[in-house]
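These protein sequence lines map, in sequence, to chains A and B. Note that this note's numbering has the first sequence beginning at 585, numbered continuously upward. Note that this note's numbering has the second sequence beginning at 7, numbered continuously upward.
None of these hints come from the bench; they were simulated from the model. The reader is advised that the hints may include incorrect statements.
[What the hints assert, rightly or not] Short, incomplete list of chain A residues facing chain B, as computed with Cβ under 10 Å:
{"id": "1", "residue": "Thr-823"}
{"id": "2", "residue": "Ala-1242"}
{"id": "3", "residue": "Phe-1243"}
{"id": "4", "residue": "Ser-1246"}
{"id": "5", "residue": "Pro-1277"}
Built from N, CA and C at the ideal position, the CB exists for glycine as well.
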Amino acid sequence: MSRVGKIARRSFLIGSAALVGGVAFGAWYVGRPAPNPLKPGQGEAAFNPFVMISKDQITLIAPRAEMGQGVSTTWASLIAEELDVDLDQVTVLHGPAAKAYYNSALMGEVLPDKGYDRSNFQHKLGDVLGHVGKVFDMQLTGGSSSMKDGYTRMREAGASARETLKEAAARQLGVKRNQLKTERAQVIAPNGTKLSYRDLAVAAADIEPIEAALKPRSEWRLLGKDQPRVDMVGKVTGTSEFGIDVRLPGMKFASVRMNPRLGGGMKHLDASDAQSMPGVEKIVDLGDGVAVVANNTWLAVQALDAIEVEWGDAPYPPESVAMFDAIRAAFEAEPNSTLRDDGDADAVPAGATLLEAEYEVPYLSHATMEPMNATALYTGDRLQIWAGNQAPTFFQSKCAEAVGLETEAVEVNVTYLGGGYGRRLEFDYGVIASKVAKAMQGTPVQVTWSREEDMAHGMFRPGAVARFKGAVQDGKAVTLDSRIAAQSVTQSMMMRLIGSPGAGPDKVHVEGAFNQPYAIPNYRTRGYLAQMDLPVGSWRSVGNSFNGFFTESFIDEMAIAAGRDPLEFRLELTEPEWAPAANVLKQVREMSGWTGKTPEGVGRGVAMSYSFGTPVAEVIEVVDEDGSIRIARAWIAADMGLVLDRRNTEAQMFGGMAFGLSAACFGEITFADGMVEQMNFPDYDSVRMHTMPKTEVALLETQEHMGGAGEPGTPPAAAALANAIFDLTGQRPRRLPLMHDFDLLI
Amino acid sequence: MSTTLKVNGKTHAVDLPDDVPLLWVLRDEIGLTGTKFGCGVASCGACTVHIDGEAVRSCQVPLSDVWGDVTTIEGVGTPDALAAIQQAWIKNQVAQCGYCQSGQIMQAASLLAENPTPTDAEIDDAMQGNLCRCGTYPRIRAAIHDAATLMQEA
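Next comes chain A alone, as it looks inside the complex:
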């Protein structure tokens, strides 16, 4: 078992309060500095794991997956701000998979509290829990955590390198370090003499790193201002290297076919026809699937089509109907969690109006534009692998296991990701490429999945069912009682990572339901876990992706039942609970010119979700266009506290909303005979140019703590749309995708 697995078994109950015990265990461990993975060559100096300077160039390491969120640019800006260099003077690299690049912010989110009401002490505790990221070697991009994680550490890395370079200059010039200034990668002496960082690097490398105070916000040159993204020129000229673009000398092209009944195994394989097809070099029996290695990816796919396989049965109910029966059956068992239980949710206030509703959402694919792929070269005692991945240290250990090598013998090269959304937190595509490479010892092989293979072999967002009860009285919400049933993403991912589902309440499962900043006197949320042997995974905003729809649909139903304007109803519930949530609602009210009334043929809906530390309110306007519904306009307001790059963060907001709208309208993965029924984009459509609403985004900075940006735009989208459709049609959407019940413009 992997080292990570051993630590987890010994010390962790994932998702439970027992994590604190893990921190105690980790105390000795986190104090140890992680080794610097940068190995400077002749004439180069690595000041810390994030800054490397040579005679020729300054390199900053942004060891987070660049999947479109602009992390490489903003991460580099944090370092560059203090280092006193501009982004046009540096090269930004992802760097190797390494302990030093652990994520310090992500595990802070496992505290089983609501988040928004955390005291400073609890925020501190979250920071301490962050060390868990280091114990696990958890180099991971997810949970909208990168900026929280890097904000202080990266500025410190830049400041330390700057002061060390100044010290080298001070010694050379015979002056005191505090007499020197720095600007655009140069140290400037009192007499105007300029020494470039590149010339000072080697001398500075011999100096013990110096700690320095951070600049006040008023002196920032880069942070808080829009920076041109470092990956933009490459992405508009076709020169950026995604995983699928890796080209190595002598490389072969392969494709793979796994059991369409996921995890079902393989009974019989007949590849005799494929063997002699054009371009085919080798058929690789993977035990639970088959790969063809050829001189061209397309020819490999043609050969796969000619292979006859008898597949094993699915280890889960083979039809969607039966799967949802299993999900509903979870309500009959004891809840896994009751993370909020304010007041008495069972009491029925006299004279109150009671409501009940059941909602259902389907399984979903991530459907990244770049299908799963990885490139690997196995040489007997070593494995090199190239892929876009959000968790390279896990990727490394799993690929090592797959070919029987020590983790240290595997080199992971992280490329740009043609979309991640959580799918590339997984390692399945790396393991397959590693096995194929082992069968092709000495020859690099790129294994690309067809779109059909990708669609059918996801780590799906789980289908989920919610049962809500509520009560309103005198125009106010008095009771909100939600029950959420689905497979557990946490347990499914933990099974894949460490072979054990963990224990304790699964917070992720009820995120977006239990922790909403609403002052409702009787407020309870219970989570129910359905057991099924189908892999489920993190899909942009995870539990919030379904709980945002459930909760904000039901809040809307409560507002209507109370005879109230849905926006004012929410405002009244948020104001006493948490001001930033009320602020984003006021902002969308103002931006959209919300009056609570819409003309014939127009509908408007609002939703507000708090996730990953950030409240986001969205108003969506739909119009009846000759009998079909067009999503015409959208207004988004978010408050993540400090905004490091406004233009880039705005893109995350409208992109996150678009991702949520695509799923709400068209997204579903269904099963028949154990197999996914959707094959390709025609069966799994998205919002497109003509169906994307005109959108305005406002970013407030009224909250004290930093929230995330990559995911919080997604959770309110489906509910805002459903609420708008209700306003337009009078029909309440209670299941997704909406295309089954409404005539949407396509």
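Given chain A, work out where chain B should sit, using these hints.
This is chain B only, laid out in the frame that chain A set:
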């Protein structure tokens, strides 16, 4: 049997079966990886290239049917010599993951060649076959309008 085709002004002799789609000839044989594989069934537009100036889905054109000169994203402009349309994309900071953007730019370039000042409705019509899972559409639209202006001025 070797097939000859001209890509970005350069002639290539390719030794692959006739039915191999142009996409896979460009990517795996010639090494022009700017053109992307997304679906293989002409439903996402990531593989869009020009043949004699017309935008086509290269995943649907067999090698033997390539009827004219091929232009890929690499032939539009380079990091050191950006085309106006690429400058407009940078000015608007369009790309997120960026995977679909080669195809978006190729489709938009062909729209602008036919229609130098497209309206929003014309952009909707021309671009709706190009999928972007990151949802960059508002900035693609703005960049097309900016590119139209830049190209008028040129």
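Going down the list of hints, with the structure as the test:
no.	hint	in the structure
1	Thr-823	6 Å, holds
2	Ala-1242	3 Å, holds
3	Phe-1243	6 Å, holds
4	Ser-1246	7 Å, holds
5	Pro-1277	9 Å, holds
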